[in-house]
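Protein chains: 2
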Amino acid sequence: MKKIEIGHGSGGRLTRDLIEKLFLKYLDSNELKPLEDAAYISFESPRIAITTDSYVVRPLFFPGGDIGKLAVCGAINDLAVSGASPKYLSLSFIIEEGFLIRKLEDVLKSVKMASESAGVKIVTGDTKVVERNKCDGLYINTTAVGEIIRLLVLDNISDGDSVIVTGTIGDHGTAVAIARDEFQIDASVESDCAALNSLLTPLFDIEDLKWMRDPTRGGVATVLAEVADKTSLGIEINEENIPVRDDVKFISDMLGYDPLYLANEGKAVVITSHEAADEVLNKLRLHSLGKDAAIIGRITTKHKGVRLKTKIGGERVLDMLEDDMLPRIC
Amino acid sequence: MKKIEIGHGSGGRLTRDLIEKLFLKYLDSNELKPLEDAAYISFESPRIAITTDSYVVRPLFFPGGDIGKLAVCGAINDLAVSGASPKYLSLSFIIEEGFLIRKLEDVLKSVKMASESAGVKIVTGDTKVVERNKCDGLYINTTAVGEIIRLLVLDNISDGDSVIVTGTIGDHGTAVAIARDEFQIDASVESDCAALNSLLTPLFDIEDLKWMRDPTRGGVATVLAEVADKTSLGIEINEENIPVRDDVKFISDMLGYDPLYLANEGKAVVITSHEAADEVLNKLRLHSLGKDAAIIGRITTKHKGVRLKTKIGGERVLDMLEDDMLPRIC
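Residue numbers (this note's numbering), protein chains in the order written: chain U, 543 to 872; chain C, 543 to 872.
Honestly, the hints are just simulated from the structure, not real lab data.
It is possible that some hints are incorrect.
Same chains, same names: a pair is fine if it fits in one copy or spans any two.
Quick list of in silico lysine-lysine cross-link-like pairs, DSSO-like style, CA-CA up to 27 Å [stated by the list, open to error]:
| # | residue 1 | residue 2 |
| --- | --- | --- |
| 1 | 851 | 772 |
| 2 | 563 | 545 |
| 3 | 545 | 575 |
| 4 | 853 | 833 |
With the sequences and hints as input, model every part of the structure.
Okay, structure coming up:
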């Protein structure tokens, strides 16, 4: 068994061989093992959050992660920023005929490591195989379910609230851009791809925590533009307070990107009352994933939309991402 | 907006336009509308079943259904055969650049119709766009969650149990085969694609209901071979009792297929005690989707594996599907 064949998606003998010999080697929860059509799971409370994402990142392997780690962390993060505690994950593969089993195994190792270290169980899955040129190696869907701890909705946000990011921005977008041969850049930026539940769950205790979002596609700017649009509030951001790694800044300048629009896969935008901002910041900074957390701006009723105060004293309007210069970032 | 562009997957302005102008036109549950990263849902009990499947069916539209209807019904059926009541669905699209918005709209109409008529809510979703020749038009992942009513596990099955199918077999496989231009067959077989929850839920009251499965990829034969293998019991099937439409039989013969290995998308294999078999049969036949239900065989300890008694008095061993003559059937 060296390459994926069409028969591995047949639902027959070859599918079963693939699942039993490869998948179960890495994914072995009690819920998954019966290999039935559905998995039986249980919660402590019947109030659940659910999220789904399909991952089509190119290339499949990049500094700091791969599509497997990304698919697990992405699902976990979507629940964590929604005030939920992620518990169970489904995992669905679409694989291109001819894909190397060895690569699939590498992805499964990442899935195992990422899910185990985040304390989330993979309980059900699916595998489809399509012909050559009907996929780009491998696409993965993950759907995660977890228990709601805090209801975090946009309505919570009000004038004067603080806007925090949990760390440096643009790392993932830059790492993936570099990993694409087309740019021929020799630099070593790693994706920030990480599960944020252990970082964000401690914040659920803070009453004045308002809302969170992980700024993936479209970056921090797009998330803030959405918040401003949906709440009809304004947001003021100070460029000098935004944490950006020097190398990310340098490469972005070179490629014509703005880190504010680059994808992150291990960061959150956190909105909290002005009064609770320091407490949130302190809790975040206790965690290795939050050591660079910073207050980058505030909610205002003085204007609509998002305005960025630049380092040189100017002001710029930040709108949602218009052109996708880096498609298939996740 | 006539065709899908790369930017529709950017997470920025174009993605939002697509979601607000097209998706929300057809999918409008209160849980989905906030368009947050995760949806908040609630159950009456914290004992949940979860299932996931990615759909890559070719062609996307076929007599009796399309990829949208299939993706909704498939998820619902996986829960229904597991003894659960489907409640919520996630929906994730991978779309090829250039895909016609008109076609996407047709798929969304099917999704809406299938989910509404089955009483299941679509609560969260995702859209990714990939370049030309990195997909085949459209792939869909659905993940469904529902409340467990009955725990149906293979361990329940024992010697003497009856094996029932809820209707004619091989309809979906035949319909899709015909819909592929490659075969140039002029016949009108419709896929049986349907949500089975309203058919199967009434069976949950029957104490001697043992186990169910919807025989999709690999067909009835593969499902039974798996049951025999996992339980170490034998299964005896009588060919003359297996309901097969005449046109399905005719076309299968012509193409060299065996209806027992063809996919079904609106049928279930039901295993029940011998004593309860008539009650199950009667309940099934009350429903339009179960009118052709039949007892096709029984569980035995006299041999291992699945044996088919043919109409002409012979005997044939049924194993799991070996060659996939009809890939991408779902």
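Hint check results:
In this homomeric assembly, residue 851 and residue 772 come within 27 Å of each other (Cα to Cα) only inside a single copy, at 22 Å, whereas the closest approach across copies is 65 Å. For a Cα distance limit of 27 Å, the shortest separation of residue 563 from residue 545 inside one copy, 14 Å, qualifies, whereas the shortest one across copies, 42 Å, does not. For a Cα distance limit of 27 Å, the shortest separation of residue 545 from residue 575 inside one copy, 24 Å, qualifies, whereas the shortest one across copies, 42 Å, does not. Taking the shortest Cα distances, residue 853 and residue 833 sit within 27 Å of each other inside one copy (23 Å), while across copies they are farther apart (73 Å).
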